[in-house]
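S.K.: Chains A and B are the protein sequences, given in the same order. Take the position in the first sequence, starting the count at 1, then add 10; the result is the number in our numbering. Take the position in the second sequence, starting the count at 1, then add 11; the result is the number in our numbering.
Please note that the accuracy of each hint is not assured.
Below, in silico cross-link-like pairs of lysine-lysine (DSBU-like), each with a Cα-Cα straight-line distance of 30 Å or less [claimed, not checked]:
#1 A/Lys-35 / B/Lys-385
#2 A/Lys-35 / B/Lys-335
#3 A/Lys-249 / B/Lys-60
#4 A/Lys-289 / B/Lys-349
#5 A/Lys-249 / B/Lys-385
#6 A/Lys-36 / B/Lys-349
#7 A/Lys-35 / B/Lys-349
#8 A/Lys-31 / B/Lys-349
#9 B/Lys-385 / A/Lys-36
#10 B/Lys-252 / B/Lys-59
#11 B/Lys-72 / B/Lys-335
#12 A/Lys-31 / B/Lys-385
#13 B/Lys-335 / A/Lys-31
#14 B/Lys-72 / B/Lys-93
FYI, nobody ran anything at the bench for these hints, they're computed from the structure.
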Amino acid sequence: MRGVRSVDEVGADERAASLAKRSIKKSSKLWALDLAIRCMDLTTLEGSDTPGKVAGLCAKAIRPKPGDASIPSVAAICVYPARVADAREHLRGSGVRVASVATAFPSGQSFTSIKVTETEDAVAAGADEVDMVIDRGAFLSGDYHKVYDEIVAVKEACGKAHLKVILETGELGTYDGVRRASILAMAAGADFIKTSTGKIQPAATLPVSLVMMESIRDFMRETGRPVGFKAAGGIRTSKQAIAYLVITYETLGADWMTPDRFRLGASTLLNDVLMQIDKERTGAYQSGDYFTID
Amino acid sequence: MAITKRQAAELAKQAFEYAPAPEATDHVRIQPRYGLFVGGRMQEPHSKKRFPTINPATEQKLAEVAEADAVDVGRAVDAADKAFASWSRMAPSRRSRYLFRISRLIQERARELAVVETMDGGKPIKESRDVDVPLSAAHFFYYAGWADKLEWAFPNRRHRPLGVAGQVIPWNFPLLMLSWKIAPALAAGNTVVLKPAETTPLSALLFAEICQQAELPPGVVNIITGAGKTGSLLVSHPGVKKVAFTGSTEVGKLIQRSLAGTGKRLTLELGGKAANIVFEDAPLDQAVEGIVNGIYFNQGHVCCAGSRLLVQESIAKPLLEKLKQRVSTLRLGDPLDKNTDIGAINSKAQLEKIQGLVDSGVEEGAELFQPECKIPERGYWFPPTIFTNVSQSYRIAREEIFGPVLSVLTFRTPAEAVEKANNTPYGLSAGVWTDKGSRILWMAERMRAGVVWANTFNRFDPTSPFGGYKESGYGREGGVHGLLPYLELS
Chain A
11 MRGVRSVDEV GADERAASLA KRSIKKSSKL WALDLAIRCM DLTTLEGSDT
61 PGKVAGLCAK AIRPKPGDAS IPSVAAICVY PARVADAREH LRGSGVRVAS
111 VATAFPSGQS FTSIKVTETE DAVAAGADEV DMVIDRGAFL SGDYHKVYDE
161 IVAVKEACGK AHLKVILETG ELGTYDGVRR ASILAMAAGA DFIKTSTGKI
211 QPAATLPVSL VMMESIRDFM RETGRPVGFK AAGGIRTSKQ AIAYLVITYE
261 TLGADWMTPD RFRLGASTLL NDVLMQIDKE RTGAYQSGDY FTID
Chain B
12 MAITKRQAAE LAKQAFEYAP APEATDHVRI QPRYGLFVGG RMQEPHSKKR
62 FPTINPATEQ KLAEVAEADA VDVGRAVDAA DKAFASWSRM APSRRSRYLF
112 RISRLIQERA RELAVVETMD GGKPIKESRD VDVPLSAAHF FYYAGWADKL
162 EWAFPNRRHR PLGVAGQVIP WNFPLLMLSW KIAPALAAGN TVVLKPAETT
212 PLSALLFAEI CQQAELPPGV VNIITGAGKT GSLLVSHPGV KKVAFTGSTE
262 VGKLIQRSLA GTGKRLTLEL GGKAANIVFE DAPLDQAVEG IVNGIYFNQG
312 HVCCAGSRLL VQESIAKPLL EKLKQRVSTL RLGDPLDKNT DIGAINSKAQ
362 LEKIQGLVDS GVEEGAELFQ PECKIPERGY WFPPTIFTNV SQSYRIAREE
412 IFGPVLSVLT FRTPAEAVEK ANNTPYGLSA GVWTDKGSRI LWMAERMRAG
462 VVWANTFNRF DPTSPFGGYK ESGYGREGGV HGLLPYLELS
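Use the sequences and the hints to build the structure in full.
M.R.: Here it is as structure tokens:
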């Protein structure tokens, strides 16, 4: 793992900042906002989540703007394992997928057997996708084997479900660490690599995403296997969402501009996107009262 | 305009095309004709002659500017000479105040300056907005700070200004080069006559307005326009005590020859053929960005451009693959569009020169790579170009192209890298990409170049001296060093 190519922090920050300055207007903005919704994992990860809360979120996921059929459904709902069955029931036949966090989310500090069982149970309850966390304790102590083996075990437990591997980049400390963890997760079989749990600051940032995407690009060149990317945590505005799309487009190319390979995990982003779409269409901002809070 | 579901589905199928995002130009007032800025006023030229300045992206005329003749040059030098008496004796803290005022005015009028710079010169608005104009203001701020602290800059020495400085600047960074020249000259107590390049005079003429706004005493800054002839009249005028020139090595040599025996001080900042050296342990993705920034920044119209890529043979293949992929994403087009990466070539003459050298590269056997890109119908454009299989002996590896053309060579060991990098008549800048700190220092010690960048390229700061070795000129601009050419120390 120590042979993985290094990342220059100043250069990565600079490149990400320059991409964030791209000016996306009019038709391209509408296109990007539409895609942002189609790639969104609408998320609720609170101790206070109830079947009722999940039901509301599912309704929002299927039809983000009541009465406007031109707004697409989101890609998935992301919940805790205990809420998977509720979500499954409400989303049946909608095309919206159910994603479940697992493996002792968010810390990952538990026994491998428990992580595997949790994953199996979440999939049995109807999860189409599993968002696992890596064991940062093992990673930071240099025990890459343990991290690798755990991802392999969880991947196996997933069966047909897609596996997203959360690196929790805010705890890795350096871009070199982010790149190493990215390569490790992809080599172990991740279908997606994901920035953060959203429980730790900093969560997703543009330079971290750039480093992960460059790793995906290199992995694709080496192995021919495309791996998806998910940014999560702290993405609240349309402007941020568009910046992620730009960076994806200019790093990984048009092939990644699809929900199969790109996701945005967010809880409050959706209404801002809807508001911006209305603004582009009508030329005026609508009050927040015209967008449902679920 | 609600979109139907079908329209939305169609939208979803399109690729991510960036809609045009042009910077507005309605706030910029370019006058149809300009005079000469002499003695604090815009004056009709004695020559009665004018020539057009055009927008290289559209080939449209922007304005007519005056062509100064010998009488005009004489008037400008006289005005500067007259102003020198009081400016040089003024309390340094007051001089400093004028410079601070100019910096703030540059910041206030930043948007206007950026747009004019882009229209007149063809560089992308993102560069004039984020690099040229902020750095110009920074230079004035920096030297404003030195104006009343010269005795700390040169302790235990007596310092005196020289007199009238004749300054001739190039077309690649018109406002920035003006700032590099004028700020230290004024801080040290000199007065100046400056001639901008004939293809890009507008930002300097806008700067003349800023001098008026700052209520700079008349004659401290004089700006005269014209072509090479005007420049040669200026540098050879007997009233000029100090000549500062940035431009081609060819003209630099002519100036040096003509000044021999006159006792005038001279600094020259000339051409370059910088090596950008990538070692096998370098962070590759950032190195690619540095290579792109090194050669495609300002369409390669940069004297310190990293025009020779020296890459360690063991990583040449993956690096070039990444580089070609990255170059294919560069967006060439309307310089005023905020998403444009590569703007227009500054002039028709420059375009022809680039084309000629690229033809010679193909003829000599180098392999040409140019990404597919739409070239606008009007204006002067050249696609980003990479030459591989280049030998040290090819013209494209030896001569300054001053365009978006990169020549790639390989090396095996650090010693070979040093040898190849230094094997050029120029010596302005170099870049080193490696993860190993000790190797950066080892390389920097051995590079015959005025600036050596480590894991970055084309980074400028007013506190850092800039200048060349060998045919890249002599004298330094920026930093404390930048004051030296404008002072008599005893």
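S.K.: A separate judgement is required for each hint: does it hold in the structure or not?
M.R.: Hint check results:
Proposed proximity of A/Lys-35 and B/Lys-385 is supported: the alpha carbons are some 21 Å apart, at most 30 Å. Between the alpha carbons of A/Lys-35 and B/Lys-335 the distance comes to roughly 28 Å, so the proposed pair stays at or under 30 Å and holds. Using a Cα cut-off of 30 Å, the hinted pair A/Lys-249 and B/Lys-60 is violated, with the two alpha carbons roughly 51 Å apart. Restraint check for A/Lys-289 and B/Lys-349: the C-alpha separation of about 22 Å stays at or below 30 Å, so the hint holds.
Restraint check for A/Lys-249 and B/Lys-385: the C-alpha separation of about 28 Å stays at or below 30 Å, so the hint holds. Taken as a hint, the A/Lys-36 and B/Lys-349 pair is honoured in the structure, with Cα atoms around 14 Å apart against an allowance of 30 Å. Taken as a hint, the A/Lys-35 and B/Lys-349 pair is honoured in the structure, with Cα atoms around 11 Å apart against an allowance of 30 Å. Taking the CA atoms of A/Lys-31 and B/Lys-349, the gap is near 8 Å; set against the 30 Å cutoff, the hint holds.
Straight-line distance between C-alpha atoms of B/Lys-385 and A/Lys-36 comes to about 22 Å, which keeps the hinted pair within the 30 Å bound. A hinted pair counts as satisfied when its Cα atoms are at most 30 Å apart, and B/Lys-252 with B/Lys-59 qualifies at roughly 28 Å. Only pairs whose Cα atoms come within 30 Å are accepted, and B/Lys-72 paired with B/Lys-335 is rejected, the gap being roughly 36 Å. For the hint pairing A/Lys-31 with B/Lys-385, the CA-to-CA distance comes to about 22 Å; that is within 30 Å, so the pair holds.
Between B/Lys-335 and A/Lys-31 the alpha-carbon distance is near 23 Å, which keeps this suggested pair within the 30 Å criterion. For the suggested pair B/Lys-72 and B/Lys-93, the alpha carbons sit about 36 Å apart, so the restraint of at most 30 Å is broken.
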